[in-house]
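Colleague: Single-letter residue listing:
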Amino acid sequence: MIEINKVSKWYGDFQVLTDCSTSVAKGEVVVVCGPSGSGKSTLIKCVNGLEPFQSGSISVEGTSVGDAKTDLPKLRAKVGMVFQNFELFPHLSITENLCLAQEKVLGRSHAEAMEKGLKLLDRVGLKAQAAKFPGQLSGGQQQRVAIARALAMDPIAMLFDEPTSALDPEMVNEVLDVMVQLAKEGMTMMCVTHEMGFARKVANRVIFMDRGAIVEDAAKDDFFGQPRSERAQTFLSKILHH
Amino acid sequence: MNLHIDWGILWQESPTGDGPYWQLLLTGLQWTAATALSGWVIALIIGAVVGVVRTAPIRTLALLGDAYVEVFRNIPFLVQLFFWFFVLPEMLPKAAGDWMKQDMPRPEFITAAVGLGLFTAARVAEQVKSGILSLSRGQKNAGLALGLTLPQTYRHVLLPMAFRIVIPPLTSEFMNTFKNSAVALAIGLTELTFQMKQMVEYSNQVIITIFAVTVLYMVMALAVNRLMAWIERKARVPGMIAGGGK
Amino acid sequence: MSRFLGIDWQLIADNHEILLGGLQYSLTLTASSMAVGIVLGCLLALARLSSITPLRLFAAGYVNLFRSIPLVLVIFWFYFLLPFFGFKLGPDKSVFITFAIFEAAYYCEIIRAGIQSISKGQVGAAQALGLTYAQSMRYIILPQALRNMLPLLLTQTVVLFQDTSLVTIIGIKDFMGANVVVASNNGALKEMYTFAALAYFCVCFPLSMLLKKLHKRIAVIR
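In order, the protein sequences belong to chains A, B and C. With the working numbering applied, the first sequence corresponds to residues 1 to 242, in that order. With the working numbering applied, the second sequence corresponds to residues 1001 to 1246, in that order. With the working numbering applied, the third sequence corresponds to residues 2001 to 2222, in that order.
A couple of the hints might just be wrong.
Said to hold, decoys possible - If you want the ones that stay clear, here's a sample from chain A, every Cβ over 10 Å from chain C, calculated: (1) F14; (2) A68; (3) T70.
Unchecked claim - Here are the computed lysine-lysine pairs in the DSS-like style, where the Cα-Cα straight-line distance is at most 30 Å: (4) C/K2216 / B/K1140; (5) C/K2120 / A/K127; (6) C/K2212 / B/K1140; (7) A/K201 / A/K119; (8) A/K184 / A/K238; (9) A/K78 / C/K2120; (10) A/K74 / A/K26; (11) A/K104 / A/K116; (12) A/K132 / C/K2212; (13) A/K132 / C/K2120; (14) A/K78 / A/K184; (15) C/K2120 / A/K74; (16) A/K6 / A/K78; (17) B/K1094 / C/K2190; (18) C/K2120 / A/K104; (19) A/K116 / A/K26; (20) A/K104 / A/K69; (21) A/K119 / A/K78; (22) A/K78 / A/K104; (23) A/K132 / C/K2216; (24) C/K2213 / A/K132; (25) A/K26 / A/K78; (26) B/K1101 / C/K2173; (27) C/K2088 / C/K2173; (28) A/K238 / A/K201; (29) C/K2120 / A/K116; (30) A/K69 / C/K2120; (31) B/K1140 / C/K2213; (32) A/K201 / A/K26; (33) C/K2190 / B/K1101; (34) C/K2120 / A/K6; (35) A/K26 / A/K119.
No wet-lab data here; the hints were simulated from the structure. Beta carbons: idealized from backbone N, C-alpha and C, even for Gly.
From just these sequences and the hints, can you work out the full model?
Modeller: Here it is in structure tokens:
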């Protein structure tokens, strides 16, 4: 469903992505990990065109992302994204956050959008907070709303950009639970995360990136069993034994 | 409608008796610069004092400082100028009032420069105050803990940093003195805009006159901007982001 | 009894019609310049932040021009130029154009700072949901920016109200202009100019205080 082919990206002279190629099949859950500054967030933002890239190609269900003729808003509406800092819209209430894009992008009626939004809010366990504003919720609650907001667009795939790294430790699990549930229902997911427990539980494949390149792209059991590259081994030992 | 652009008009004799029109504009430029610069010096001195006083722990003084700023910020500059020019001489003791009306040299200029200074001082004071308050409390305490007196702490610790922080906002206040000096045409100061009005009325060369005067104002704004940028560079503390994180 | 604070209140009462008329003119000029100025200012701010170079350069030029020349000069621009090009609007109407055009430059800079204070993540989130550039500006960025900047926009409006007194210079009977007329008709310069200063202060000071409170109360959204 998502095909990434030899993608390279530079900020001026500095190369942030080098010849990255991988793919995510329908229903697959792929976890992207690696040290900070390895380019994993940049790569996932290239998938829905939030970051431009200079060479290579990415296609989502056959639509080329880098193509100037591609209707990016339309493509983005099909791919849900969850951000590290939640990025709920602070001036809108929770239900308004859920309804805005449904109405403005998909053209749903307000009643339809409300119904969908409340259903999803219930699913992430936050129906009681519907009338509140983002600033009145905890970080974990905000991130669950953000997931519901993305799901309300009926996405064909979901991108997660470090969804738990801005959270206090006690809130990480409430977000991961929602993500595990989603994976089990067969959602196609690409997740940048350091939560190896999550990867073990639901990932099909794990991609390890370092210095802008994909160093390792392996089935979950192979990755955790015996990573081939030394860099992945060092990384794993650092984050697993502390 | 005279769309013909004839630069030769600048060398024609003006009927005001001030020589050719370019000289008319030059006189205006000089009065604008003189008013703005003397106003700015007055504003810096009074503004610094009022700004410091507003952060000082002496309550009556701080309140007086606040009152100064509020009075001068909440009355239009034009109205302030009219007040100084027409009302003040009437309110002073007769001898002083008569001197202002009859013997004070260049009354429009002195009124404009002082009035502009007092008006701008309120804005400078506001910037100086927020510059001092933006320094962490730790700086003041560190100064006091070393055994410096409060005035010494202001003199050696707080003010040197505060002045560097307020340079960028002061740049725009300095530019404002040039712009606001144009208001003084209302009390008869023959500054640049006043001369423009005269030249348009006598020569009927609307486009050239307006263009020339606009360019002169822009050149002055650019000069002030460059000068302040130069001062900012000179005053920069190594390792600190200049301008308080802009 | 009719004298208090050195002002002849009987004179004010006798001329209340012209003074109120002037005040009304000043307030109308302020309100219309604010409304048009903010709309124009929004467009200019968007142009200044646009990726289209000619648009960006135009907006930057516009703002820098009007911010480096005196308002009095701009008032004279239109005072002389409109009749010169054959528009017979009359000064009391043409200053409405002058003020809207001039103030837009100042509102633009406030709004631009407001837009830039919104984190880039908000733009990303709006785009990730499939909103177009125009939609994310309209529904996500501008509402937050205008709200963060509300106290500053209103403070600029108090400054604008004070600036409207400058139309007196081209003989318009705004509030200050009305005072000038009454002053010269009755030989009461001292009384009327003291009254004018006091009146402006009584309008602007409470507003300034109110805005200071508002500034503290409005939580800036980050």
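Colleague: Taking the closest pair, is the beta carbon of A/A68 still more than 10 Å from chain C?
Modeller: 14 Å, holds
Colleague: Please work out if A/K119 and A/K78 have their alpha carbons no farther apart than 30 Å.
Modeller: Holds - the C-alpha atoms of A/K78 and A/K119 are around 19 Å apart, at most 30 Å.
Colleague: Is the straight-line distance between the alpha-carbon of A/K74 and that of A/K26 30 Å or less?
Modeller: 19 Å, holds
Colleague: For the pair supplied as a hint, A/K6 and A/K78, is the alpha-carbon distance within the 30 Å limit?
Modeller: 23 Å, holds
Colleague: Take the C-alpha atoms of A/K132 and C/K2216, compute the straight-line distance between them, and say whether it is at most 30 Å.
Modeller: 23 Å, holds
Colleague: Is the hinted pair A/K78 and C/K2120 satisfied, with a Cα-Cα distance of at most 30 Å?
Modeller: With Cα atoms ~21 Å apart, A/K78 and C/K2120 stay inside 30 Å; holds.
Colleague: For the pair supplied as a hint, A/K69 and C/K2120, confirm whether the alpha-carbon distance does not exceed 30 Å.
Modeller: The hint holds at about 25 Å.
Colleague: Per the stated criterion, does the least C-beta distance between A/T70 and chain C lie above 10 Å, as a non-interface residue requires?
Modeller: Label holds. Min Cβ-Cβ 13 Å, cutoff 10 Å.
Colleague: For C/K2120 and A/K127, compute the direct alpha-carbon distance and say whether it is at most 30 Å.
Modeller: Answer holds: C/K2120 to A/K127 is near 29 Å, not above 30 Å.
Colleague: Check the hint pairing A/K132 with C/K2120 against an upper bound of 30 Å on the C-alpha distance.
Modeller: Holds: A/K132 and C/K2120 sit about 24 Å apart, inside 30 Å.
Colleague: When you check the alpha-carbon spacing of C/K2212 and B/K1140, does it fall within 30 Å?
Modeller: Distance ~26 Å between C/K2212 and B/K1140 Cα, so the pair holds.
Colleague: Quickly compare the C-alpha distance for C/K2213 and A/K132 to 30 Å and report which way the hint goes.
Modeller: 25 Å, holds
The structure shown violates none of the earlier numbered hints.
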